[in-house]
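J.: So the chains spell out like this:
Protein chains: 2
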Amino acid sequence: MAQTSEHSLVRLAELEIDPAQVDAYKLSLQEEIRASIQLEPGVLTLYAVSVKDHPEEIRLFEEYRDEAACQAHLQSPHFEKYKAATQSMVKGLRLVETDSILLRAKPR
Amino acid sequence: MAQTSEHSLVRLAELEIDPAQVDAYKLSLQEEIRASIQLEPGVLTLYAVSVKDHPEEIRLFEEYRDEAACQAHLQSPHFEKYKAATQSMVKGLRLVETDSILLRAKPR
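Chains as they are written, first to last, in our numbering: chain A, 9 to 116; chain B, 9 to 116.
It cannot be assumed that every hint is accurate.
Same chains, same label: a pair holds when it works inside one copy or across any pair of copies.
[Said to hold, decoys possible] Straight line, CA to CA, 25 Å or less: simulated BS3-like cross-link-like pairs of lysine-lysine:
1. Lys114 x Lys91
2. Lys60 x Lys89
3. Lys114 x Lys99
4. Lys114 x Lys89
FYI, nobody ran anything at the bench for these hints, they're computed from the structure.
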């Protein structure tokens, strides 16, 4: 059956990475995503993609159980580590707060 | 355990809707999302949100099993119905092809 999470909080992030540091950035991001999903009950979805042919343009889709889970995530050790490690790599960051319309995914 | 789908195809869509028709658009979009996830084995994720305080700015995160599943989706009866119904509502549409970096979600 299809899954739903209408009451969760979705945030989008659009990042521009220093082209010379894209590979290092992706490793840090992957480590942070794995830790967040594994360790934080309130982090429901972290999807990271880059724009085709523009590997320095990163788009994140982040879903949290609620606002408290989002705030807890920002203070987690793995997020702090990611933030410190990637500080010099991130040239631009735009956060987009959202209202959910409908979130549906196949059960995995 | 965390779930993965590294070999799937992710597409983003950014739409601008006629402000006077946002409610009608959202109903059509919700119907199309429900049908796609329920009826199409290759449609893995359809997440629809609007930008906070800008309900006319819609963002879609679409994940397909592969390119063939994406093409099949575009020819499905429910997508055709959605497209016809919302044609006059959509003022702008930008499709963003992507490369996946890492997609992780809690099992649902």
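J.: Hint by hint, note whether the structure agrees.
T.: Hint by hint, here is what the structure shows:
1. Lys114 x Lys91: between (31 Å within a copy, 23 Å between copies)
2. Lys60 x Lys89: Answer is neither; intra-copy 28 Å and inter-copy 29 Å both fail.
3. Lys114 x Lys99: neither (35 Å within a copy, 30 Å between copies)
4. Lys114 x Lys89: Answer is between; shortest inter-copy Cα gap is 22 Å, intra-copy 32 Å.
Comparing the model with each earlier hint shows violations of hints 2 and 3; every other hint is respected.
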